[in-house]
Amino acid sequence: MHRPDLLSGQGGCSCGKGGCGKTQARANQHGLRAAAGSTTLPRNKYTEIRSDKPTNKEEATRPEFKTCQYTTEAIVSEGIDKGELRKVCTNLDCPVHHPKKRPQQGDDAKWKAEQEKQRRETAMANTIGIRTLAAITTAVPVRLMKRDLAFIVEALLPLMDEPRLAMIARNRGIRSKEGESVGRLLAGVLSKADESELGRALVEIVILLSTRSQSDNGQALRTAAQTYKVDTDAIALKVKQEFAAKAKAKKETKAVPRAKKAA
779 MHRPDLLSGQ GGCSCGKGGC GKTQARANQH GLRAAAGSTT LPRNKYTEIR SDKPTNKEEA
839 TRPEFKTCQY TTEAIVSEGI DKGELRKVCT NLDCPVHHPK KRPQQGDDAK WKAEQEKQRR
899 ETAMANTIGI RTLAAITTAV PVRLMKRDLA FIVEALLPLM DEPRLAMIAR NRGIRSKEGE
959 SVGRLLAGVL SKADESELGR ALVEIVILLS TRSQSDNGQA LRTAAQTYKV DTDAIALKVK
1019 QEFAAKAKAK KETKAVPRAK KAA
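Just so we're aligned: the sequence shown equals residues 779 to 1041 in my numbering.
If you're looking for bench data, these hints aren't it; they were derived computationally from the structure. Some hints here could point you the wrong way.
Simulated restraints, written as ranges between beta carbons of each label pair [unchecked claim]:
1) Phe1021 / Ile930: 29 to 37 Å
2) Ala903 / Leu863: 44 to 52 Å
3) Glu975 / Asp939: 20 to 28 Å
Every residue, glycine too, gets a C-beta built ideally from N, C-alpha and C.
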């Protein structure tokens, strides 16, 4: 079969039967170039994807009726269809348009043995991981001790961003200086904390990590407040009163100098 040189595109048939009539005849009539390029493709280096639908099941199995992840558009550069767009695949390793042949009997047995070995190794690794995790959880006491809480807190801290770390630190009176890592300061303080402080920090971390999602909308905080029977309405009222008092004090501070100036 004769195929024309193409310009960064594909055309022709890839059914593997030496041509399929319509596509092959059309490929002999034109060359192609990529819609965004002009590199000429040598013969037998492309596969044109047919735009018409297969007429039967046998045709539907042919590669030229299938698209792939490498599918792109090319422009006919010569012949009666010059200027028209065609869908093409230029990847010679494409599993759809250039499927690899099945191994022979000897190779097939070797391939199956390798697949079985891989499957067995993966299954073993998964089983080891599951049983190791089960053994760890079995060793955890009914009541978490300082060692357990410290381990969890230290594992979760690196998952948090700087603003959330700063919130936890601020609740403990920790202030970082310029250039200091608030995460490192916090980790140092918590490493010396007792069980109760580690437990509080753990709850804080879980809540703040849960609020990272924009879809949370404060749900994690509300759930935690209900769990620990925290009166959020009372807190909200107190905050509003504090802000109102600050605003009032600010207005009075501004009014005093004006009164002196008028006198």
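We went through each hint and held it up to the structure:
Between Phe1021 and Ile930 the C-beta distance comes to about 36 Å, which sits within the given range of 29 to 37 Å. Checked against the hint of 44 to 52 Å, the pair Ala903 and Leu863 passes, with Cβ atoms roughly 49 Å apart. A beta carbon spacing of about 22 Å between Glu975 and Asp939 agrees with the range 20 to 28 Å that was offered as a hint.
In summary, this structure violates none of the numbered hints.
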